[in-house]
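Please put together the full structure from these sequences, using the hints given.
As you go down the protein sequences, you meet chains S and P in turn.
Counting from 108, one number per residue, gives the positions in the first sequence under our numbering.
Counting from 11, one number per residue, gives the positions in the second sequence under our numbering.
Honestly, I wouldn't trust all of these hints.
Some chain P residues near chain S, calculated using beta-carbon distances under 7 angstroms [to be verified]:
no.	residue
1	Asn26
2	Gly31
3	Gly36
4	Ala41
5	Leu42
6	Phe80
7	Tyr197
8	Gly227
9	Asp231
10	Thr233
11	Val234
Just so you know, these hints were derived from the structure itself, not from any lab.
Positions of the beta carbon are idealized from the N, C-alpha and C atoms, including for glycine.
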Amino acid sequence: MEKLPLGLALDLRKVVPYKTGSWRTMKPLYIMQTPPCTHSCPINNDIRGFLRVLADKQDYEEAWHILTRTNPFPATCGRVCPHPCEDGCNRRDYDTPLAINSSERGVGDYGLEHSLEHRKEVLTPRKEKVAVVGSGPAGLACAFHLAKRGFGVKVFEAAREPGGMMRYGIPAYRLPKDIMNREIEAILRLGVELECSVKVGVNIALDQLRQDYQAVFLGLGAQMGAAVNIPGEEAKNVFTGVGFLKDINSGKIPEVGRNVVVVGGGNTAMDCARVAKRLGADVSIVYRRTRVEMPAITAEIEEAMEERIMFRYHTNPVKIISDEDRVVGLLCVQMELKEADASGRARPLPIPGSESVLPADTVIMATGQEVDYDGLDNIGKRDNKWISTDEYLMTSLARVFAGGDAVLGQETVSAAIGQGLRAAAAIEDYLEGNVESSLASPPVVYFKDMNSYYYTRKKRFSKEAIPVHERLKSFNEIYPAFAPGEIIDEAGRCLSCGLCFNCRNCLMYCPDNAVNLHPATGKYEFDYDFCKGCGLCVKECPCHYIQLTLEK
Amino acid sequence: MMETTAEDLNRVEKKNLFASGHRACGGCGQALAARLVADAAGENTIACVATGCLEIFSSPYPDPSWRIPFLHSLFENVSAVASGVEAAYKALKKGPVNIIAQGGDGSTADIGFQSISGMFERGHNVLYVCYDNEAYMNTGVQRSSFTPYGAKTTTTPMGNRTRKKNLPILAADHGIPYVATATVDDYRDLQRKVKTALSILGPKYLHILAPCPLGWGHAGDLTVHICRLAKATGLFPVFEIVNGKVTNVLKIPNKKPVEEYLRLQGRYRHLFQKGEPSGMVAEIQEIANQNIERFNL
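Okay, structure coming up:
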């Protein structure tokens, strides 16, 4: 035995420190939480992830790859999505929500400019093949995810070009066609086959697809304008909303004349009105309820109002008046709102004797859309309108899945992409025989759980839309893009809800030095030998990444 | 003396020179402060510690938490011991070395006041760090002369009737070159002050507010938050006194009422009978207002 220095009974170098971890009754844990932006996103995009990469590393390429893990259309969604993520953003309770949508647009555009390629997740091709019917957002998203997972995918499109409602339903001032084309091309480069001008149910039977492919996804969309059945509908220059937009987006510009009346309060109605305004007409929107009940996106209603489109509320069309087959006016009646109906909206009733005529050279009936079931009648329906599916998006027909507007009713591009993503996962599970692969996501973190002391207030960055008189001259986009530096700055506002952003608080505030930075992973770790469970790190963690749990 | 640049001063140090395994309560403000001070001072440091919580929980043989030389003295004489260490280094022509005398508020303001005053007056090159937890926590929460007005201790069960001794000003009036106050929530500021003090020749005094969850009656996870409130209410002004001039006062743009600070702590619970604040709360607010006016917070 080594001789100890005089006066020492123990060799201090061999002493094991007293492990104070045994005092603990509560135990802190690093637990990643779901941020509210991702939670409210229909595609569950990793918004926090791409913003952090931008803020920390200024790495647009990585940000694009993070976004396209879930969403193959960042540049498209960055323009047309009504961004529920921003409504969810915890910064709303602090100062102003982040400009997530514009940042997504910037990242998407970067991906297009640099022709970034999607990464395959499964490199060995699988033998199973899947047919996707419809090349709208739902169909293409489904094809994209299946192709990434190694499946052979063929997309059948009834129209001459792919894109579905993104191509034929959204005007160019909201979504330039070039952007969408290039995002579709990137999906096709994953090895997705595309055949256009083939209408499933007409040119090829659904049963044929069920024989030839191991699974079928129906992303039919709601492409048919719903009939309203008012007298005089057959006159020239009476359009359905979708029909009008399809004409415009296929390059057929109709003669709309001087006065255009659009009937309806949804997004299609707003789009029709704003397109007609750009064609030089005076436009009014006729809606039987009020602005509160309008189903259109708020921003679209506001922009339509800015563009001096007249809104006539409490007004319902009764009859289209025509002269020599050409529309000259729309007979309308005033409505009053009674108690709510099944949809939860006030029920409008006509006021007798309040009829009046609106002069009109063109009437656009944007009062709803339907699924085109031509040749697909044997599929199970909900409300006799939409395709009914089980929770795994499988229809009444075995191995046939469905998603998008045809299932949801009229919804957004993002909702359709989200359904495509889910259907792809369901198809993979089905073909592999998995019972259920998706794990429950961690709980959502809200602002009240966070420690706002460590954040600084900074207003949301925004850019003004171009002036109205400039807008109306063309079909150019109305919102200017953010510059790269502006996006980085905006990304720096992200609170990183529920995920560590290296603020070092836990490391610095632990009175017991029980937090260590792992040299290899760069992540913080608790040293449970010494942690007394005081909870100081939990309280001082700005983003609620640390939680106190009961010690077992 | 250390050569220090602005970058050195502002760098946050984490070296764990005051190591895990000490017996402080969960959430102890003093344990946190002691580590921040030791890490800022660095390896070339001798810690002289008076009797008190810090000495009790950090030094039991055979596993002390100190990774730097450590000298335990009595309650009343840590300044004298540190003076002796400094004199010894001078006599042996050794050094330079950072000598830090440390003590709680009891040993600093009451029992050891004569020795700290002597050390200042003689001009030893020692940094004195006072961990202020506003009572004798080590012996069971008895009143000290740092116990604030209105606070309950075991010896003032109805609330303390005297006001807190203002030692930073007393220390500065010894004519020493550097005096500062700090709290554990702003570790960057605290470590900067330790390093600034060590770069100055002569006696220095650093006063650190270190909440005691047990004695103050708050949950251990509130230690940092309570410090922040102590500053935001004006009850604990943070400033430096360099060569007799008050500088670098921490401004508080959003001042908070003292009630917010008091209500979180069990030692003030008697001031809120049936939830209503008693007259003492208004008097404490008056103390905060005086601080705000005096230091132009």
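Evaluation of the provided hints:
1. Asn26: At 5 angstroms from the nearest chain S Cβ, Asn26 (chain P) passes the 7 angstroms test, so the hint holds.
2. Gly31: With Cβ-Cβ at 3 angstroms, under 7 angstroms, it holds.
3. Gly36: This hint holds: Gly36 (chain P) lies near chain S, its Cβ roughly 3 angstroms from the closest one there, short of 7 angstroms.
4. Ala41: 4 angstroms, holds
5. Leu42: Holds - the Cβ of Leu42 (chain P) comes within 7 angstroms of chain S, reaching about 4 angstroms at its closest.
6. Phe80: 12 angstroms, violated
7. Tyr197: 5 angstroms, holds
8. Gly227: 15 angstroms, violated
9. Asp231: Given a least distance of 3 angstroms, the restraint on Asp231 (chain P) holds.
10. Thr233: For Thr233 (chain P), the interface hint holds, since the closest Cβ of chain S sits about 6 angstroms away, which is under 7 angstroms.
11. Val234: 5 angstroms, holds
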